[in-house]
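There are 2 protein chains.
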Amino acid sequence: MIRVAVDAMGGDHAPYAIVKGAEAAWREQIAEPVLVGDENSIRPLLAATSKIEVVHTPSFVEMRESPSSALRKKRDSSVNKAYALQCSGDVEAVVTAGNSGAAMAFAIFTLGRIQGVDRPAIMSFHPNAKGTLSVLLDSGGNVDCKPSHLVQFAIMGHVYAKYGMGIESPKVGLLSNGQEETKGNELTREAHALLRGVDINYVGYIEGTDMYNGSTDVVVSDGFVGNVALKLSEGVAEAITTFLKERIRKSFRRKLGYLLLSDVFEELARTVDYSEYGGAPLVGVNGVSIICHGKSNEKAIKNAIAMAKDFAAKKISAHLTETMQQYRESIDRRTTKES
Amino acid sequence: MIRVAVDAMGGDHAPYAIVKGAEAAWREQIAEPVLVGDENSIRPLLAATSKIEVVHTPSFVEMRESPSSALRKKRDSSVNKAYALQCSGDVEAVVTAGNSGAAMAFAIFTLGRIQGVDRPAIMSFHPNAKGTLSVLLDSGGNVDCKPSHLVQFAIMGHVYAKYGMGIESPKVGLLSNGQEETKGNELTREAHALLRGVDINYVGYIEGTDMYNGSTDVVVSDGFVGNVALKLSEGVAEAITTFLKERIRKSFRRKLGYLLLSDVFEELARTVDYSEYGGAPLVGVNGVSIICHGKSNEKAIKNAIAMAKDFAAKKISAHLTETMQQYRESIDRRTTKES
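Protein sequence lines, in the order shown, are assigned to chains A and B.
Under our numbering, the first residue of the first sequence is numbered 1, with each subsequent residue one higher.
Under our numbering, the first residue of the second sequence is numbered 1, with each subsequent residue one higher.
One thing to keep in mind: the hints can contain errors.
It does not matter which identical chain is meant; a pair holds if it fits inside one copy or across any two.
In silico lysine-lysine, DSSO-like type, Cα no more than 27 Å apart, as pairs [claimed, not checked]:
#1 K183 <-> K73
#2 K162 <-> K255
#3 K20 <-> K130
#4 K245 <-> K162
#5 K20 <-> K146
#6 K255 <-> K130
#7 K295 <-> K183
#8 K245 <-> K73
#9 K245 <-> K255
#10 K146 <-> K183
#11 K51 <-> K255
#12 K51 <-> K245
#13 K295 <-> K73
#14 K250 <-> K130
#15 K245 <-> K183
It is worth saying that the hints were derived from the structure and are not from the lab.
Using the sequences plus the hints, can you model the full thing?
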């Protein structure tokens, strides 16, 4: 069974929700979790008969700590220890719901970047009207990007959608303020020109409305726009749910209507519930790193462990390494030809 | 009654939907519309007894025409003629559902900018969970912005929310990837620092989730991010509506549930329906210019005329001129002190 290191100390509900999520993953034979963190906090939460391995490390990164400070002072933290276990081959993947900036910094520091990737990116999953999932990257890792970074995000998204989600030729779009060639800002216009020369199914500019109609499998943007997009989507879904709830409780007739539709509303709630997807992989590092929402509950952690196992089993990192190499060779060939 | 020039030739459903919208506004005594465009196309759509004034101009801007080309070649177009009528005092406001880039270009060219405003911005209206409206600017006018532009957007949003929507001290937030001081990109970080020194109720960074929970009255962003945000919101709302509709039609029980909840669903549909809000004012020009969705129907045009009348009656432009002057004087004072 694939072993997944789980940062027991990271997240708003750590260590309780993390330990319970790991236990659920173990019970359902999803993967073999290894809990990393303060043994004194973790052990009492585990069943006496539990066979889950605990790797003790007393230090951990606070949720509000700056990534650069954590990187200097918390080398022995639970999250970095988890990555170290992956480096040494003890585990094949890491899951953390802790400080996401620090998680990203330590993943890059300890696992290292895949050759050709300047900026690893956070990839989030979005349900669409077709009933499939689209991915968005970067969802918040890198706020100020160069055009070449967006090109790398596009290639990484392509590889994840192809090998991780089994889409033969994933449609990759660049998030913009309109589909016409004249649209875009300085950054996207340059990235758009570069992407035309890359050997992926690049469909050009897409608009916000396309993100949820299922017309695109991979949505590319810088981390600032991506993060705004991610949280805005949550915001709209929440506002609509609140709107419906408040009105439904106002009369008996409406409550009855709700009862008759309860399976539909439950399906909607599941569809827009982040915890169904577990977490967001940090793509572009040498290995598997799943970064979860700080507010992750037991279910989110269990699903993140399932995602981690899945990406490890499908050897996404190796596919990415290979594709990035092909891409760099194609650039080299072109540059040689031109000179 | 306030006279509003309506570009009869602009929009996917022009001139029919435009003429019908103007007739509805006239019938309901909202304002006195003046239809601008090709008389031969407009007259047959008007009732024989109609007293609506038609200003004939045969030329108009195509939906796909580039704004710069329109600005050179279409000075005699319906949209520019409408602005000219406002300049000469024949009307107090303009409504157009035509090519929005060209509408913006002509508004700036013919009406002129308010002193202190470098970049007029498009302001869109968003319903929130509190049942009020928030405004977002810039929603698409200016894709590449400087920090000073965002500061001007914030002041303009403040003025519109205060004098147009009657909010005494509107809460103004800067759309970002997180609320912490360490968040933001290069552009927002500099704008954030500048906004702290401006005499408005600036609440700092807000996230996408805040746009719909009613915590902020005015949301500021560059036009690229704003446009992505606007269309993404439409996309999520559409996807959720599609999701519910598809499932509801699948069984008799669900259809019955829907019937019992039909008033709630209708209210939701109205709340997320752009046509209820009519259009988006272009703020920062000397006058009133409401830019509507290209797909505007009769109701959208009627509501846009109501919005145009409202902003003209409330003398938003005069308030904005005054506030921008105070702001520039305060900068001058500070600069003098510092030197």
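Outcome of the hint check:
1. With identical chains, the CA atoms of K183 and K73 are at most 27 Å apart between copies only, with a shortest distance of 21 Å across copies and 45 Å within one.
2. In this assembly of identical chains, the alpha carbons of K162 and K255 never lie at most 27 Å apart, being 44 Å within a copy and 39 Å across copies at closest.
3. For the identical chains of this complex, K20 and K130 are neighbours neither inside a copy (33 Å) nor across copies (36 Å), given an alpha-carbon limit of 27 Å.
4. Neither within a single protomer nor between protomers do K245 and K162 lie at most 27 Å apart by alpha-carbon distance, with minima of 38 Å and 31 Å respectively.
5. For the identical chains of this complex, K20 and K146 are neighbours neither inside a copy (41 Å) nor across copies (48 Å), given an alpha-carbon limit of 27 Å.
6. Taking identical chains as interchangeable, the C-alpha atoms of K255 and K130 lie at most 27 Å apart only when they sit on different chains, with a minimum of 21 Å there against 29 Å within one chain.
7. In this assembly of identical chains, the alpha carbons of K295 and K183 lie at most 27 Å apart only when taken from different copies (19 Å versus 37 Å within one copy).
8. In the homo-oligomer, the alpha carbons of K245 and K73 never lie at most 27 Å apart, since the shortest distance is 46 Å inside one protomer and 53 Å across protomers.
9. Both within a single protomer and between protomers do K245 and K255 lie at most 27 Å apart by alpha-carbon distance, with minima of 10 Å and 19 Å respectively.
10. Within a single copy, K146 and K183 get their C-alpha atoms as close as 18 Å, and across copies as close as 18 Å, so both meet the 27 Å cut-off.
11. With identical chains, the CA atoms of K51 and K255 are never at most 27 Å apart, being 46 Å at best within one copy and 50 Å at best between copies.
12. In this homomeric assembly, K51 and K245 never come within 27 Å of each other (Cα to Cα): the closest approach is 43 Å inside a single copy and 47 Å across copies.
13. In this assembly of identical chains, K295 and K73 lie within 27 Å of each other by CA distance solely inside one copy; the values are 25 Å within and 57 Å between copies.
14. For the identical chains of this complex, K250 and K130 are inter-copy neighbours only, at 16 Å across copies versus 33 Å inside a copy, given an alpha-carbon limit of 27 Å.
15. Proximity of K245 and K183 under a CA criterion of 27 Å is satisfied in neither setting, with 39 Å inside one chain copy and 33 Å between copies.
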